[in-house]
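Quick mapping for you: the protein sequence lines, in order, are chains A and B.
Per full-length UniProt numbering, residue 1 is the first one in the first sequence, and the count goes up by one each step.
Per full-length UniProt numbering, residue 1 is the first one in the second sequence, and the count goes up by one each step.
Simulated from the structure, these hints should not be mistaken for laboratory data.
Each hint should be verified, as a subset may be incorrect.
As the list claims (entries may be wrong) - Covered, in the sense of this in silico footprint (three residues per stretch, anywhere, with C-beta under 8 Å from a C-beta of chain A), are these stretches of chain B:
1. 18-31
2. 120-129
3. 242-251
4. 327-338
5. 415-424
Unchecked claim - Heads up, incomplete: computed chain A residues facing chain B, CB under 8 Å, no partners named:
6. R247
7. S337
8. M348
9. S363
10. I415
11. N419
12. Q420
Using N, Cα and C, we set each Cβ at its ideal position, and we do this for glycine too.
Protein chains: 2
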Amino acid sequence: MKVVKFGGSSVANGEQIKKITNIIHADIERRVVVVSAPGKRYSEDVKVTDLLIQLGETIRDGGKYDEVYDWIMGRFQSIIDELELPQEVYQTISEKIDASIQHVIEEGERGLDALKACGEDGAALLVSAYLNQSGLDAAYVNPSEAGIVVRDQPGGALVLEESFERLYQLRERSEVLVIPGFFGFTPEEKLVTFSRGGSDITGSIVAAGVKADLYENFTDVDSVFSVNPMLVDNPQPMTSLTYREMRELSYAGFTVFHDEALIPAVKAKIPVCIKNTNNPSAPGTMIVSELEDRERDVVGIASDSGFLNIYVSKFLMNREIGFGRRLLQILEDEGVSFEHAPSGIDDMSVILREHQLPPEKESIVLKRIKDELEVDTVLIERGMALIMIVGEGMNHNIGMASRAATAFREAQVNIEMINQGSSEVSMMFGVKSSGLPAAVRSLYRTFFQEEKVKQS
Amino acid sequence: MKVVKFGGSSVANGEQIKKITNIIHADIERRVVVVSAPGKRYSEDVKVTDLLIQLGETIRDGGKYDEVYDWIMGRFQSIIDELELPQEVYQTISEKIDASIQHVIEEGERGLDALKACGEDGAALLVSAYLNQSGLDAAYVNPSEAGIVVRDQPGGALVLEESFERLYQLRERSEVLVIPGFFGFTPEEKLVTFSRGGSDITGSIVAAGVKADLYENFTDVDSVFSVNPMLVDNPQPMTSLTYREMRELSYAGFTVFHDEALIPAVKAKIPVCIKNTNNPSAPGTMIVSELEDRERDVVGIASDSGFLNIYVSKFLMNREIGFGRRLLQILEDEGVSFEHAPSGIDDMSVILREHQLPPEKESIVLKRIKDELEVDTVLIERGMALIMIVGEGMNHNIGMASRAATAFREAQVNIEMINQGSSEVSMMFGVKSSGLPAAVRSLYRTFFQEEKVKQS
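Model the full assembly from the supplied sequences, consistent with the hints where possible.
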């Protein structure tokens, strides 16, 4: 049994829904479908979810909302027309939206979640109707009926453990089930949405719950790239990567997918495949628990800028037991989380994201470090970037560090920081942001272009 | 004004004392002399301090001590004979030793410090007498008279701040002053010794107190080597290094001198020169506060084995604010100090000296990590070595990491850990102990033999 999830571009219009219908027809194992809200049809288009948010906020603020309402309903109507679906489907969708509008009028802010979720809900109704029309026995299943129980918490719902057992019951159903993504219900039956991009979370929860053999996540790319395509032309695709590699790649801002959305599937050891709705025969990128045989040591290069370094020095620091711990305690007290903290005999650095240290917090943290730790120097260096090379094959491969460091040298980029020694599947480098593009290109040449076979 | 300190081999017999007399004659600025106790004359010989400890412990335990007493007095008598010094010097030394023996008989354990210090005291009496005989105006100065005031604490005396001002008064004296190393007096006039090797501490305190232009530390080597001569044949000497470099080199067990003994001199910014009594015209190794122009980027390679790695992994560790801090807190609670703690997204390592974690402590620490941090994995990897390359020239030199990592690759040694990013003057590498000799030799070839000029 496979769970398939389709993103917004895959349900953006009738043509796309025909594609996903073909995909479901092509494999009898694809028995549970999770859908996002209709996305953009062209680059200037607006996603239905954004329209719904605009609608909700306009109503909440007492504004005139006819135009945006008509726009939304037009999106659904055009798909119905394109797919020649019965008008009853439109009726069901519009009744749900009208009811949600009524909630917002009555409850204000608290009613917004239900309205925001109408995009996914409508898409699920459309897809299930079209699947039926195409000859499959399909059924729309509401998350409440499916068993997705969540805890309401600011910024996003959190799935409750009991959901997984309840979802497992879906295996009894004989139809192809279509579940709207992005929301669940509290035990008190209140609709709550996940954080943005939450359809991926729903797909992952459902895959874990039904104990799927595979969770297919359909997007609009053939596979995940081994390096940021903004930095390298036509980068190689990743055919497979392990959960560990995925976690490491996400560390320095690998943004193709939201790794935390995959947590439920990873915990249940469900393999995940990232595929393309527009090219379903492409193999995609498999995310698996165990490494298969692979040609390369390095699977991907992740990079991100926007980091800073707090540098602290104090003569005889190494004789002060607990110095490092007390420095980290100050950051923890101030709610600042850090990425890495290399220490020397008389100095220590802490690398963190710049947004963790806005100016008002910076002055508090600096003052506390000076006063409480009586340091000789404390400096903040902004404009740092982190670059990470990731691959299970790096483990115990003599010469990895040499090849990587030589790539930086060839790019004439100074390495400010190296973090190796904790994870066996990655090495992290800190450079000045200005050096990031050249360094990434040079690393890509070293690990993806110059050598086609393993070295040791 | 220079303060000169002579180690045990420089006062081991009359011939050596003649050499140091020549050294003092050769430079009118050498006005304050600090001496150790007579050391070994040949490899099977016993140091006078060890004989004094044996004497004291025998007396404390009520044993027969004639033989060791005669041995000690024989050492002093033979020097007096060799240098043809007046017999009164012997009289003074033996009276002091007899008085100290009386203390041990009366006070037991508490009297031992005074007896242990008789070696340095006797050496100072001998040297001052011979300097006078050689035509210099010299005077023995007791540490109490000199102004070395200390706090008595287990394991070694700690100098009190007031000493420095009192020592400054010595500048008024016109004679060459000879001060015994290794001990000071509490404000209550109790004699207390420094930790073993404490003559270096005395020399450094005196140099700081008199605000010497130079502190010369005479040993039996021409200079400090750039790498452990047990690992590399005929290694290059270091002609100069900075305090920062010295601190970093001491991190991984660079044992030529005890860097903490130099702290008072370093704090007072007194330049230090390590020289050879047996070859005083050799330039020695200068330890300075500011880098002078130098041919090489790397000044030294330090290495030591006997480290271990505590490896901890936990899925989603990076979302747990304070995880790293709590791990370090457990170690701190158990009195375990660490060297470096690299962290990844889901794992963290802590590198420490093996002796920090004896078996009974290991089980407590492991249990606390498992129970309190609820980790997925915690492993201890023993048999690790640390290798450190040090040099002020490394700062912002593109390609340093590449050259170093390539040296490991050429030695076919896998790098388990890299620590770069805190100190600007060093890079630290962790390897398995078995790989240490090959890695050090390869690094030496790279940084000291292959290139004679700076690269960038």
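Each hint tested on the structure:
A count of 0 residues in the region 18-31 of chain B with a Cβ less than 8 Å from any Cβ of chain A is obtained; the coverage claim is therefore unmet, three being the minimum. Given as covered by chain A, the region 120-129 of chain B fails the check, having 0 residues with a CB less than 8 Å from a CB of that chain where 3 are the minimum. Three residues within the 8 Å Cβ limit are the bar, and the region 242-251 of chain B against chain A gives 5, so the coverage statement holds. With 6 residues bearing a CB less than 8 Å from a CB of chain A, the region 327-338 of chain B meets the requirement of three and the coverage assertion stands.
A stretch counts as covered by a chain when three or more of its residues have a beta carbon under 8 Å from one of that chain; for the region 415-424 of chain B and chain A the count is 9, and the coverage holds. With a least beta-carbon distance of about 5 Å to chain B, the hint placing A:R247 at the interface is held under the 8 Å criterion. The interface hint given for A:S337 holds, since its Cβ lies 5 Å from the closest Cβ of chain B, which is under the 8 Å cut-off. Hint status for A:M348 relative to chain B: holds, with the closest Cβ pair at about 6 Å, below 8 Å.
Interface hint status for A:S363: violated, as the beta-carbon distance to the closest one in chain B is roughly 21 Å, over 8 Å. At its closest, the beta carbon of A:I415 sits 5 Å from a beta carbon of chain B; the interface hint therefore holds under the 8 Å criterion. The interface hint given for A:N419 is met, as the beta carbon of that residue sits about 6 Å from the closest beta carbon of chain B, less than 8 Å. For the restraint placing A:Q420 at the interface with chain B, the shortest Cβ-Cβ distance is roughly 4 Å, inside the 8 Å limit, so the hint holds.
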